[in-house]
Amino acid sequence: MLRSLLLATALCALTTAGALAQTAVKIGVLGDRSGVYSDISGEGSVVAARMAVEDFAKIDPSVKAEIISADHQNKPDVGAALARQWYDRDNVDMVIDGVTSSVALAINQVTREKNKAFIDTGAGTADLTGSQCTPNTVHWVYDTVALANGTGGAMVKRGGDTWFFLTADYVFGQTLQRDTTAVVTKNGGKVVGSVKTPFPTADFSSFLLQAQGSGAKVIGLANAGGDTINAIKQAGEFGITEGGQALAGLLVFSSDVYSLGTKVAQGLVLTEPFYWDLNDGTRAFSERFAKQMNGRKPTANHAGVYAGTLHYLKAAAALKDVKDGAKTVAKMKEIPTDDPLFGKGVIRVDGRKIHDMYLFEVKKPAESKDPWDLYKTLATIPGNEVFRPLNEGGCPLVKG
Amino acid sequence: MTTIFGVPTQALFGQLLLGLINGSFYAILSLGLAIIFGLLNIINFAHGALYMMGAFVAWMLLTYLGLGYWWALGLAPLVVGLFGILLERFLIARLYKLDHLYGLLLTFGLALIIQGLFRNQYGVSGLPYAIPSELSGGQRLPFMFLPNYRAWVVVASLTVCLATWLVIEKTKLGAYLRAATENPTLVQAFGVNVPLFLTLTYGFGVALAGFAGVLAAPIYSVNPNMGADIIIVVFAVVVIGGMGSILGSVITGFALGLVEGLTKVFYPEASATVIFVIMVLVLLVKPAGLFGRTA
Amino acid sequence: MADTAALDAAPIAAARPVSRDDKALHRKVFAGLALALVLAPLVLYPVFLMKVLCFALFALAFNLLLGYGGLLSFGHAAYFGMASYVCAYSAKVWGLTPELAILTGTATAAILGLVFGALAIRRQGIYFSMITLALAQMVFFFSLQAKFTGGEDGIQAVPRGSLFGAISLEDDRVLYALVALIFFGGMLLIYRIIHSPFGQVLKAIRDNEPRAVSLGYRVNQYKLAVFVLSATLAGAAGATKALVFQLASLTDVHWSMSGEVVLMTLVGGMGTVFGPIAGALVIITMETYLAQFGAWVTVIQGAVFVLCVLLFREGIVGLFARILKKPL
Chain A
26 MLRSLLLATA LCALTTAGAL AQTAVKIGVL GDRSGVYSDI SGEGSVVAAR MAVEDFAKID
86 PSVKAEIISA DHQNKPDVGA ALARQWYDRD NVDMVIDGVT SSVALAINQV TREKNKAFID
146 TGAGTADLTG SQCTPNTVHW VYDTVALANG TGGAMVKRGG DTWFFLTADY VFGQTLQRDT
206 TAVVTKNGGK VVGSVKTPFP TADFSSFLLQ AQGSGAKVIG LANAGGDTIN AIKQAGEFGI
266 TEGGQALAGL LVFSSDVYSL GTKVAQGLVL TEPFYWDLND GTRAFSERFA KQMNGRKPTA
326 NHAGVYAGTL HYLKAAAALK DVKDGAKTVA KMKEIPTDDP LFGKGVIRVD GRKIHDMYLF
386 EVKKPAESKD PWDLYKTLAT IPGNEVFRPL NEGGCPLVKG
Chain B
133 MTTIFGVPTQ ALFGQLLLGL INGSFYAILS LGLAIIFGLL NIINFAHGAL YMMGAFVAWM
193 LLTYLGLGYW WALGLAPLVV GLFGILLERF LIARLYKLDH LYGLLLTFGL ALIIQGLFRN
253 QYGVSGLPYA IPSELSGGQR LPFMFLPNYR AWVVVASLTV CLATWLVIEK TKLGAYLRAA
313 TENPTLVQAF GVNVPLFLTL TYGFGVALAG FAGVLAAPIY SVNPNMGADI IIVVFAVVVI
373 GGMGSILGSV ITGFALGLVE GLTKVFYPEA SATVIFVIMV LVLLVKPAGL FGRTA
Chain C
6 MADTAALDAA PIAAARPVSR DDKALHRKVF AGLALALVLA PLVLYPVFLM KVLCFALFAL
66 AFNLLLGYGG LLSFGHAAYF GMASYVCAYS AKVWGLTPEL AILTGTATAA ILGLVFGALA
126 IRRQGIYFSM ITLALAQMVF FFSLQAKFTG GEDGIQAVPR GSLFGAISLE DDRVLYALVA
186 LIFFGGMLLI YRIIHSPFGQ VLKAIRDNEP RAVSLGYRVN QYKLAVFVLS ATLAGAAGAT
246 KALVFQLASL TDVHWSMSGE VVLMTLVGGM GTVFGPIAGA LVIITMETYL AQFGAWVTVI
306 QGAVFVLCVL LFREGIVGLF ARILKKPL
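Protein chains in written order, with the working numbering: chain A, 26 to 425; chain B, 133 to 427; chain C, 6 to 333.
Bound conformation, chain A alone:
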């Protein structure tokens, strides 16, 4: 019964497509709509995807895209079940967003199994384009290796050559510390100590005291979400930055900085691939976005959803059929990327999207004109330097 129903839907879709000569595409935005990452992802991702569909329709009306969305609650089992159901029953062709590494890896598996397409914009794990890479996945915005490269490398070059890590005591935090340590030592810096903090930790005072006592020039925060926010807040309380130590966030988004406020977060150094106030293209996009989001500016993840959707639609228009996910992703890798948010770039064979990243410092309250005036740019890090070299990830798609 189910099969005949599916067949009927497919036939129906085929006839309408035939009549209008249109390519039908169904996009599922699978993000966090209620949890810690709902500011980074959430409704903003749906808005960004919709904007991409609208913008592409102006250029090329031959693709008819439909968007659905759901909440994976940051639980890999929920994310995997939703993706499975979307692919099995709801004829979704591509899933985008996938914030949180654990969920992203789960969607990655299901997508490969069902031969659909997955554009991840929110997760940090570099395994998506490393040992877990598949021909069906594109990893757009950033990964932990790039963040480590960006913040670690640039900080050492600017004189921050002794480091102390506050590391969230689980795989993610340990990976972040390991990657950053490698970069710091490669650039001639030294790691003088680290402390493993239980996850989640509400009170960082004890660990901050240990960091303060170490005399390191840079305190690296190898954690995320609520942990990072608490650590930054309490670092202010204990006068860490006033004492001359710099705080380096290894995974911080503009929405985190916004909710902390510049008074608390001032002086924090971090790496991001996108900031709303970078150039005319990003400003125009952000203004349109903010109008639909109660004045909130887009995060890097939102920018990635927009750019990723746009590029996927380009591939769809070129192929006229997106039922074969691997083929669509191959097309995406073939066409060079070009959008107003990330500029010109490419998608590598392992699925890694390459673009520049920026080292930002959070402004002092006196320099900040309004609550969203958050960053000043310290350095631009070219895409070919910031991301992990193709042959080091261990992705089976890379030959030789």
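No lab work stands behind these hints: they were computed from the structure. Any given hint could turn out to be false.
Claimed, not checked - Partial selection, computed: residues in chain B whose CB lies under 7 Å from chain A:
#, residue
1, G146
2, Q147
3, L152
4, Q253
5, P279
6, N280
7, S353
8, K396
9, P400
10, A404
Unchecked claim - Here are the simulated DSBU-like pairs of lysine-lysine, each with C-alpha atoms no more than 35 Å apart in a straight line:
#, chain 1, residue 1, chain 2, residue 2
11, C, K97, A, K348
12, A, K51, C, K331
13, A, K139, C, K152
14, B, K229, C, K331
Every residue, glycine too, gets a C-beta built ideally from N, C-alpha and C.
Put chains B and C on the given structure of chain A with help from the hints.
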């Protein structure tokens, strides 16, 4: 510099002091739980959610009414306490004749509702709440930089705990309360309005949680999940202390804060679990808890 | 204040000796369930059904402890989740066949249940609940930090493998048959335990512990035994779930999972034989269809909790049992 197990004594003092500060929160929360349990025989699972509510009320007072920290310190416990009185009157009071487990289940459900509503309204990234200007900055002690606010937390918490203890142990009101804990029927026969007593006790117990919430607001981010994690730790504190005495719960709270502080220095990975490990040890040696009476 | 009041109405009704008449009714219900298990995958999405069955078994195991042992554990996620991790690990890393992986997971839960049970039964009532919760929280932190669990990522891409090395479980329908068998077997086992002399003693302890002691029963041994049985069956459910979703994650060891299984049992009717199955079906369906509402799910779950405790303590099946005047 003298060292103990490779850690400079000075750093150790700092860590002990910080442990005491965390212990302050455990003490106030377990005190509230102990009072409620003593009289109502209910384990108040909603305690964490009401602690969170205290922090949020402080934030709302500031954001919507422009009332600062000191106002919040008085008003937020009052609001939370009144809310608790409503909960007791309309929901919890219906369960006194039933098994205690239903009280636990009911308050668990309430905790889910309260947390869910706040999460819907305010998201989970946390809201900023600044340290009051009178208490910003800090003292440079010989062994550490002590933010004034943290010192205030210890003082405030000790004061509240002591005051509560004095009221319960030394006043007539407290005597009624203790008597009602021992034998409610007899106290009722003497003409004391026991149901009213129960309501007010619950209100006071959760007001303590609200107070702890206000104290916590400037340190931690004001966040709907802030109560969910701490409540389980406080449960363990309560099991260790044994809820036999009011003073016992306070002492256990502070002592475990210290132990946790030390763990953060010597073996930070275990600092999240150390209290549970102690709980297991206490259960093996003294099943009724350190200050508990055998049931 | 009630001191040692027994859990009210519904469980007491169930404590009545089972007549031949009741047994015949139960046999009919079992037959009906078996038929439903065969027919359901023709209409419903098999992955959803498998999820319901895993949780139903979990709730049944939990109910064995609460409804018949009178012990409210607030940490059953520990056994469910740990079994799921060990099953996933042994299938993925050691390459065990599915049946062995499930057995390994279940055995882990049994051992964990033995250790935690021995500690927890030293205290009664709500203390017991708080201790189980605290112990489960320890397991949660362990799972978060340990290498083999993969932290937040969990253990992913667990192979479903081939049963006895011969029957591939890749097809959802084949796996469904296995899950349905495990569920049915678990249910029959629990039914057998409840109606054995052992089960009768348990009920006696639940209703009046001092009297059971004075009758010469070693109360603590009985309590520990039922605790271990419950943990083991919860483990079987968790291990099976790991294979269904090919994933073991922190969700399964988190305290909210412990709360969820309490909710299922409460909604279905604690102390009834079939209640937890109905409860699991209702709660999982609710979660699946409410998933898009985000945090409202928590609010609704909380509201269901409150309503059940205040107005609907006997649960769905308990209500039917009262109408039929027969234990279900």
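We went through each hint and held it up to the structure:
no. : hint            : verdict
1   : G146            : 5 Å, holds
2   : Q147            : 6 Å, holds
3   : L152            : 11 Å, violated
4   : Q253            : 12 Å, violated
5   : P279            : 5 Å, holds
6   : N280            : 10 Å, violated
7   : S353            : 5 Å, holds
8   : K396            : 4 Å, holds
9   : P400            : 5 Å, holds
10  : A404            : 3 Å, holds
11  : C:K97 / A:K348  : 30 Å, holds
12  : A:K51 / C:K331  : 52 Å, violated
13  : A:K139 / C:K152 : 30 Å, holds
14  : B:K229 / C:K331 : 26 Å, holds
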